[in-house]
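Peer 1: This is what each chain is made of:
There are 2 protein chains.
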Amino acid sequence: MSFFDDLAARIDEVDSVVSVGLDADLDRLPGFLDDHDMPRWAFNRRIIDATHEHAACYKPNAAFYEDAEGWRSLRETVAYAHGKGVPVLLDAKRGDIGNTARQYAEILDEVDAITVNPYMGQDSLQPFLERPEKGIFVLCRTSNPGGADLQGLELTSGEPLYQRVAALAELWNEHDNVGLVVGATAPEELEELRESVPEIPFLVPGVGAQGGDAEAAIEHGLTTWNGQDVGVVNSSRGIIFAGEEVGRNTVSGPSDGMDTPEEAYFAAAGEAAKNLKKRLNRHR
Amino acid sequence: MSFFDDLAARIDEVDSVVSVGLDADLDRLPGFLDDHDMPRWAFNRRIIDATHEHAACYKPNAAFYEDAEGWRSLRETVAYAHGKGVPVLLDAKRGDIGNTARQYAEILDEVDAITVNPYMGQDSLQPFLERPEKGIFVLCRTSNPGGADLQGLELTSGEPLYQRVAALAELWNEHDNVGLVVGATAPEELEELRESVPEIPFLVPGVGAQGGDAEAAIEHGLTTWNGQDVGVVNSSRGIIFAGEEVGRNTVSGPSDGMDTPEEAYFAAAGEAAKNLKKRLNRHR
Chain A
1 MSFFDDLAAR
11 IDEVDSVVSV
21 GLDADLDRLP
31 GFLDDHDMPR
41 WAFNRRIIDA
51 THEHAACYKP
61 NAAFYEDAEG
71 WRSLRETVAY
81 AHGKGVPVLL
91 DAKRGDIGNT
101 ARQYAEILDE
111 VDAITVNPYM
121 GQDSLQPFLE
131 RPEKGIFVLC
141 RTSNPGGADL
151 QGLELTSGEP
161 LYQRVAALAE
171 LWNEHDNVGL
181 VVGATAPEEL
191 EELRESVPEI
201 PFLVPGVGAQ
211 GGDAEAAIEH
221 GLTTWNGQDV
231 GVVNSSRGII
241 FAGEEVGRNT
251 VSGPSDGMDT
261 PEEAYFAAAG
271 EAAKNLKKRL
281 NRHR
Chain G
285 MSFFDDLAAR
295 IDEVDSVVSV
305 GLDADLDRLP
315 GFLDDHDMPR
325 WAFNRRIIDA
335 THEHAACYKP
345 NAAFYEDAEG
355 WRSLRETVAY
365 AHGKGVPVLL
375 DAKRGDIGNT
385 ARQYAEILDE
395 VDAITVNPYM
405 GQDSLQPFLE
415 RPEKGIFVLC
425 RTSNPGGADL
435 QGLELTSGEP
445 LYQRVAALAE
455 LWNEHDNVGL
465 VVGATAPEEL
475 EELRESVPEI
485 PFLVPGVGAQ
495 GGDAEAAIEH
505 GLTTWNGQDV
515 GVVNSSRGII
525 FAGEEVGRNT
535 VSGPSDGMDT
545 PEEAYFAAAG
555 EAAKNLKKRL
565 NRHR
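So the sequences go chain by chain: A and G.
Be aware that the first sequence starts at 1, since it is given in the numbering used here, and climbs by one per residue.
Be aware that the second sequence starts at 285, since it is given in the numbering used here, and climbs by one per residue.
So that you can see chain A by itself, here it is in the shape it has in the complex (with noise of 0.2 Å):
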């Protein structure tokens, strides 16, 4: 089985095609984890209980669990959505030069995807792209801000650069295995970069916190592998967050029928998932 099989699997099974950011930031957890030894194992592990009916796939940031006790809680959250049948993509952006780039490519034993940056070109991302049985999602189009800063230069064959990384990915995807990122926060160059690469499944962040296009996420986003969905559209912090409105939100807590305000905080990370799961379903 590949990476890819298993993701429309599960896309099929929990009909959802939400995939749940797991930016555990220290900063921003809740004070009720201050004495869990491992508080972002902690988080994690009950951000899984409430989401996993509605989770494609969970989605780590490696930047998050960059220190000892962070390795440990994202080795333990791993396996426990393996657990839930949830599989995971480690979003780690990498891509380093040759020994380099085996070592970070161990990290894929644990997991079963990952986000690498092409700017070092092929060489750099060879240790990852010859894992036919994990997925590749190479930064295309991102997000945030300063995406066209490099991506959207106009090359001298009249494409943007990131159309050229996307037939580069193509190339490249010799065992069926490679995918791109292509924020939702650009509607437009999703719609383009479906057209070059028709098949090749996309992992597709902000639209959550950061605003981007729903509808173009998922008309543009998923593509069809083996007769079903697939493809991704992340949530970060509109997740896993969700229960911080709760908090503030005087009215509601426990005399919504929760026991607890821990309850009621990952309740609403439930909830969120649910909810993006109903919204981007209207246009499946």
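Calculated directly from the structure, the hints in this document are not laboratory data.
Glycine included, every Cβ here is placed at the ideal spot set by N, Cα and C.
Keep in mind that the hints are not guaranteed to be accurate.
[Said to hold, decoys possible] Here chain A is said to cover these stretches of chain G; the calculated rule only asks that three of the stretch's residues, wherever they fall, bring their Cβ under 8 Å from a Cβ of chain A:
hint, region
1, 292-303
2, 425-438
3, 447-457
[As the list claims (entries may be wrong)] Just a sample of chain A residues kept apart from chain G, beta carbon distances all over 12 Å, derived:
hint, residue
4, D6
5, H82
6, D176
7, E215
8, Q228
Following the hints, put chain G in place on chain A, whose structure we already have.
Peer 2: Leaving out everything else, chain G in the frame of chain A:
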């Protein structure tokens, strides 16, 4: 003091522009360190003891430290290098959006400089750029075989992408803290870049195991900083694993006046650093 002030002072003090790359690959560490709890730290400590008199800076590659013991080893390594008066440049090749980039930037609290990837644009680098006391080396023209896949693409403005990256880096250099990574394996491009951005310090990799041009590395890699040379030329495997040759050569070893194979191993790293320093200094 800024990073480049410190680096220029260090270069002057030890009369060396050698950056020693600490690619502490667990698969390649000598067997006599196997019993150590933190073998990468044990290795780096001995490498630092053997090479610090010839080191303008140390450049640990983050890829080799991305697990719990690795992060602890890296912290110890940084502290030890600082104890010897040597700045540390973390080769992390980072770059990520919004909240995530801030998290990556926290790594900077522990090191003196970092490498970053420009593909996601200015906002992805902002948390690094706004640290005036640190050095921020933007990947520009890398030394690996696929370096030109994207970096060499010609823009409608007539320049290759790496030249535009250099121009952008100069724009982003509000705090005089920006450097560029420009490989010695493409000496003509190194020369062109030096002409375009005469005042930006370069980190030049690729002179050791990758076979780049030492003369070009010096002639174009260095610039002047308050009247002193600034810029570094990195070798990683060519220095830290030089001791592997000693083990293979049955003529040398204890007969060279070394008491143990371990001493001979690290003495070879010291020799390799000293020889690279001399070779480079011939062109300064």
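Peer 1: With reference to the structure, classify each hint as holding or not holding.
Peer 2: We went through each hint and held it up to the structure:
1. 292-303: violated (count 0)
2. 425-438: It holds, with 12 qualifying residues against the three required.
3. 447-457: holds (count 3)
4. D6: Label holds. Min Cβ-Cβ 25 Å, cutoff 12 Å.
5. H82: holds (19 Å)
6. D176: D176 (chain A) is indeed farther than 12 Å from all Cβ atoms of chain G, at 21 Å.
7. E215: holds (22 Å)
8. Q228: holds (30 Å)
Of the numbered hints given earlier, the model fails hint 1 alone.
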